[in-house]
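Student: Read off the chains here:
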Amino acid sequence: MNGLQVVFLLAALVSLFSAAMVVSARRMMHAALWLVLTLMGVAVIFVTLQSSFFAVVQVLVYVGAIAILIIFSVMLTRRVMEDHGDQILPGWRAAGLVAGLLFAIIVGFLALWQGFTTMLVELPADADNLLDLGQALVSPQGYALPFELASVLLVAALIGAITIAVDRKEDQHG
Amino acid sequence: MDFLRDPFGFVIQEYTGWLGGLGLPAVWVDIIAKLTGALVLATGAMLFVVFLIWYERKLIGRIQDRFGPNRVGPWGIFQPVADMLKIFTKEYITPIGADKFAYNLAPILAVAAVLLLWSVLPLSVTVVGTDLNVGLLFLVAVGGLGEMSYILAGWGSNNKYALLGAFRLVAQLISYEVPLVLSALVPVMLAGTLSVNGIVQAQESVWFIVAAPAAALIFFIASIAEIGRSPFDLIEAESELVAGYNIEYSGLKFGMFFVAEFLHAFTVSMIFATVFLGGWQGPGAAEIPVLGFVYLMLKTFVVYFVTILFRGTLPRFRIDQMMNLNWKVLTPLSLALIMAMAIVGGLTRELPVFWQVIAFLLVNLLLLGATDQLMRLSQSRKTKSNLPMQPLRKVLTTSTKHGAGE
Amino acid sequence: MLGNWLYIGIFALVALMMPALTIFIAGILSPKRPDPIKNSTYECGVETVGPNWTQIKIQYYVFALVFLIFDVEAVLLFPWAVAYQLLPLYAIIEGVLFLLILVVGFLYAWRKGALEWF
Amino acid sequence: MIPLAWYLIFSAALFCIGLFGALARKNAVAILMGVELMLNAVNVNLIAFWHYYAQVRSAPYVHGLAFTTMVFVVAAAEVAVGLALVISAYRRRQTPVVDELTLLKG
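Residue numbers (this note's numbering), protein chains in the order written: chain A, 8 to 181; chain B, 26 to 431; chain C, 666 to 783; chain D, 10 to 115.
For reference, chain A alone in the conformation it holds in the complex:
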């Protein structure tokens, strides 16, 4: 057991515990704050995988933007706040069964794969080379099309979300 493994286990335990709290917390605000902790834990997991870029992006995008968006939405749908009742659907046992089965199936299948037990060793320092990523993202042999489509997708999401969320006042009495 070396230091890196300890860090991984701690981060994984914290993330999984707080993920469990996300799906079980009664108050939405608590769930959102637990979600932030999960996301930070995942960022640490990225660090142990030596992906500095995605560790930082995880904090920037998920904690900095998506979590804030979720917290704003929680505040916007206020009635949840006053709702201390059951936050779980009656069929949660079935959902738990499905999730548990899926976990068993995934791990079972993965365990059949021979690379499953590979030890991940430390990569050379230039492994997560942003230069390569940047070149691949715009090279026609690489990801030029997905790159532009990502922009289209983002704009579609922006336009769609604004159209849906921002009604004019007159629509509201419906």
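Treat each hint with caution, since some may be false.
Sample of chain C residues at the chain B side, in silico, Cβ under 8 angstroms [unchecked claim]:
#, residue
1, Ala680
2, Met683
3, Asp736
4, Val769
5, Trp782
Below 30 angstroms or equal to it, Euclidean Cα-Cα: the simulated BS3-like pairs (lysine-lysine) are [claimed, not checked]:
#, chain 1, residue 1, chain 2, residue 2
6, B, Lys185, C, Lys697
7, C, Lys703, B, Lys83
8, D, Lys35, B, Lys185
9, B, Lys111, C, Lys697
10, B, Lys353, C, Lys777
11, C, Lys777, B, Lys111
12, B, Lys115, C, Lys697
13, B, Lys407, C, Lys697
Everything labelled a hint here was simulated from the structure, so no lab data went into it.
Idealized CB from N, CA, C, for every residue including glycine.
Using the hints provided, position chains B, C and D relative to the given structure of chain A.
Tutor: Using the frame of chain A, we list chains B, C and D on its own:
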């Protein structure tokens, strides 16, 4: 002589050498050396705040034709120490129904998010906390963590004014993070790296503020907005409102938010000096590392001085003006700037560096001039219609039944 | 690589411990005389009315939304900006095109009045 | 020096917790949080396999990074539109609880 040329690097080397001689395993030597470095840097930063508070109060006093603190010690330099001792002995008042965990975590997180920024800032050639390959992105991301502390503070206080104040502040911070992130793209383009040290080294021949003054201006304004200071301090406008997100805090818990604000102000000045003013670069800085530290501090204090000048002289924005400045001036300008810089840089690639810098400079000035003209145009159109503020054309409310939000 | 992050991790712990310890020490030094009036929620001396959960405006959501979109877009552009000096001209144009598409969305939000604060 | 298996098990567990949240929660915002957890699990998986392939091929391996970037984009778009829908539905029907949202029944 080594000691005089580079006292910090010398001490670090001696210290790690001494640690290595103790016979500990190499990993532990590494960890202890890093821990000591972090402790020294963080303590230094925290203590530095005492000086910053004095400096700022003195300057603001001068701007307002007062003396500023002048009783405790020579030139009142011990005034913040006295204030600190006082705040140390103040009672903590925790409001009823507060979410204890969130309430207590918030001030800690506010300071920690700012302190953590210091871990990637290069102080001189030899004293580089850590040369992370995504350093600039790290600075932006960790700077954004502060928002979480405001949400925790506002929400944990169980006070609707604190909550509203927190959400308004977060709305401001995330809005201004857009031009901040976008203008940070320009130095990355010019330097070809995200590492902060790499960006400093890329400015050996020419500072980025010369090549991209528009980006520097956007970055600077967005940074001031990020620290929530005047003229962007309408969230906790102390002369007009109750405090905002920190209304329910007392004693040192309030003090921590105060410390975080001052330290953040200095830290963003340092980031600006690093990214646009060449960091520790200067004549002789590569040979005599301690000079680099002096240069960095000089530049940082110049930038900090300008932020205080802004604070002392500019009137406070109204919130709609502030949002308009962000969304209708800074963001479009930074978008246009990136596109123009990318194309011009691509076209002038074959030219010598000098001409390329001139081309960049011209593009920047052109865009700044165009923005200025457009702003004047819209200003004169507004005054013609004789409206004190923009008409509430599109009134967007969340719910008519539940009242109009706010 | 991991060494850098080790330093940042240690620094993060120190940065968290330092204010926490200071607050803790000050808590020992400071008096504790709680009182129901003193501990009540501060509303300028007026008694608290209504629930503490106020509803916020949809504007906050819209700002957060635009911020998220631009943040993700910046994440895609940062690798592009790092590689910028090595890219051929058409690849630079691709980046500009990427931004132009985004500008369309931004202009839509502007036209729709989503960026107004009132 | 961490087995690949740990990452895969971690990501599977995170995915299943997220799935449980998406299936069992009443509140639409909470469902979206569950979906975010699932997307995060996917990212962990992608980065783990990126590391694995970079190690096996002993050369930088850019595809894992590019895919992860795209997952970030999709996650952002998903959460933006999803939350907009929740807010819109809440404002029309005054409830964020999925069971009570029977818009399609008319």
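Student: Determine which of the earlier numbered hints do not hold for this structure and return their numbers in increasing order.
Tutor: Numbers 4, 7, 11 and 13, in rising order.
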